[in-house]
Amino acid sequence: DQQVKQNSPSLSVQEGRISILNCDYTNSMFDYFLWYKKYPAEGPTFLISISSIKDKNEDGRFTVFLNKSAKHLSLHIVPSQPGDSAVYFCAASANNNDMRFGAGTRLTVKP
Amino acid sequence: DAGITQSPRHKVTETGTPVTLRCHQTENHRYMYWYRQDPGHGLRLIHYSYGVKDTDKGEVSDGYSVSRSKTEDFLLTLESATSSQTSVYFCAISEFASRDTVGKLFFGSGTQLSVL
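Sequence order for the protein chains is A and B.
The first sequence finishes on residue 133 if you use the working numbering, and the numbering steps up by one all the way, no holes.
The second sequence finishes on residue 505 if you use the working numbering, and the numbering steps up by one all the way, no holes.
Only chain B is shown next, with the shape it has when bound in the complex (with noise of 0.2 angstroms):
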């Protein structure tokens, strides 16, 4: 298994509220991404880096920034929390050494986000 962890695995928190998720990675893989899983949606994509300090938008992106300061970390907060920001969060990493790897993502085991 790649080595991604994310952490809490677990949180609830208050509308309003600044919350971090942190993902953390030991393959040295250049691209790390963070997806939401919502029922009806899927997996949708909120921000992802290519580099560190190097971020782009996704989908989703409002509501989300993320920050990138060491190859192995990226940081995803939502400034203020609401409601809908209730979700399941994923992080994920890939690195596109060769076509063979284009596209696989190997996915943390997530971050359920209960905010009230």
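So here's chain A without its partners, still in its complex pose (with noise of 0.2 angstroms):
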């Protein structure tokens, strides 16, 4: 029973254009929603998260929409970089010991 999703596993886009990551949730219990990024050989690390209260948060070139009524979340990368390929996982938490990840989308960049 997968609680989130990520039904893209693979996605391209050229340097300097925008990379759309999706995410669906099933559980509307979820009030925390966190995008990982994951080089090969490496552990995940934290990009930016988004609190059930907000639709938007915004990091410099990163970009977290959530749109509750569809229980969607989305992740805008602008303008994208060679450097941004990778995996990215979407994470929810209905409290802070409960945490589940969609599968993973691998993003690459080409320049």
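Some clues are possibly wrong.
[What the hints assert, rightly or not] Pulled a few chain B residues facing chain A out of the computed Cβ check, cut under 10 angstroms: (1) 411; (2) 430; (3) 432.
[Said to hold, decoys possible] Some chain A residues flagged as far from chain B (calculated, every beta-carbon gap over 10 angstroms): (4) 26; (5) 28; (6) 32; (7) 85; (8) 92; (9) 94; (10) 105; (11) 107; (12) 120; (13) 133.
Derived by calculation from the structure, the hints in this document are not laboratory data.
We put the beta carbon where it would ideally sit given N, CA and C, even for glycine.
Fit chain to chain and form the complex, with the hints in mind.
In structure tokens:
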């Protein structure tokens, strides 16, 4: 029972363009959402988060949008850079100790 | 980078043997977690600890046990390894000091475990 879903296993974009990674969830109790980035042979690293009381959070080139009614969130990267090539995991939490992760989306940014 | 060390980094073992993975932190964080990462499943929580000798089960705890005798060390044991436990195992830590840190996990570099 996957409560957090990333339906696109991979995404390829051109350098300088926008990357949009999507995530859907089923548990209406989730109140905190995060994105993690993972390079090969490394552990995931925190990228950006959003609380359910907000619908947008921005940090430099990264913006996360939350649509609670649709149970959908997205990560926008503008402009995309080759160094952004990684696997991106969406995560959601209903309490501090039960964070659920999506399966990940592999982003490739082509020079 | 958060001071998290996982050992070993790679291990190959045989079905039926016990295996222990170690996570060591130098951040004095209260919470420690063990996740496994598998293709198509993302990261799934195995067990977590909210203090010395305080642990609880996660989403996929069957076949695993944990122990935390010191703040800095969190051990994951596979009592009798099976091929389905071949995976990459990640340790993570967090400290819920404020709302800003809720949910922010800091991960180790992972242990690749192969059970033959």
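Results for each hint:
Interface restraint check: residue 411(B) against chain A, minimum CB-CB distance 15 angstroms, threshold 10 angstroms, status violated. With a least beta-carbon distance of about 6 angstroms to chain A, the hint placing residue 430(B) at the interface is held under the 10 angstroms criterion. Checking residue 432(B) against chain A by beta carbon gives a least distance of about 4 angstroms; that is within 10 angstroms, so the hint holds. Consistency note on residue 26(A): stated as away from chain B, yet its beta-carbon is not over 10 angstroms from all of that chain's, at 8 angstroms minimum.
With a cut of 10 angstroms on Cβ distances, residue 28(A) falls inside the contact zone with chain B, its closest approach being about 8 angstroms. Listed as a non-interface residue, residue 32(A) keeps its Cβ farther than 10 angstroms from every Cβ of chain B; the least gap is roughly 12 angstroms. With a closest Cβ-Cβ approach of about 18 angstroms to chain B, residue 85(A) is found to remain outside the 10 angstroms limit, as its non-interface label requires. No Cβ of chain B comes within 10 angstroms of the Cβ of residue 92(A); the nearest lies about 21 angstroms off, and the non-interface call holds.
A cut-off of 10 angstroms between C-beta atoms confirms that residue 94(A) is not in contact with chain B; the least separation is 17 angstroms. Consistency note on residue 105(A): stated as away from chain B, and its beta-carbon is indeed over 10 angstroms from all of that chain's, at 17 angstroms minimum. The claim that residue 107(A) lies off the interface holds: its Cβ sits roughly 18 angstroms from the closest Cβ of chain B, which is beyond the 10 angstroms cut-off. The Cβ of residue 120(A) sits about 7 angstroms from the closest Cβ of chain B, inside the 10 angstroms cut-off, so the non-interface label is violated.
Even its closest Cβ contact with chain B, about 27 angstroms, leaves residue 133(A) beyond 10 angstroms, as expected for a residue assigned away from the interface.
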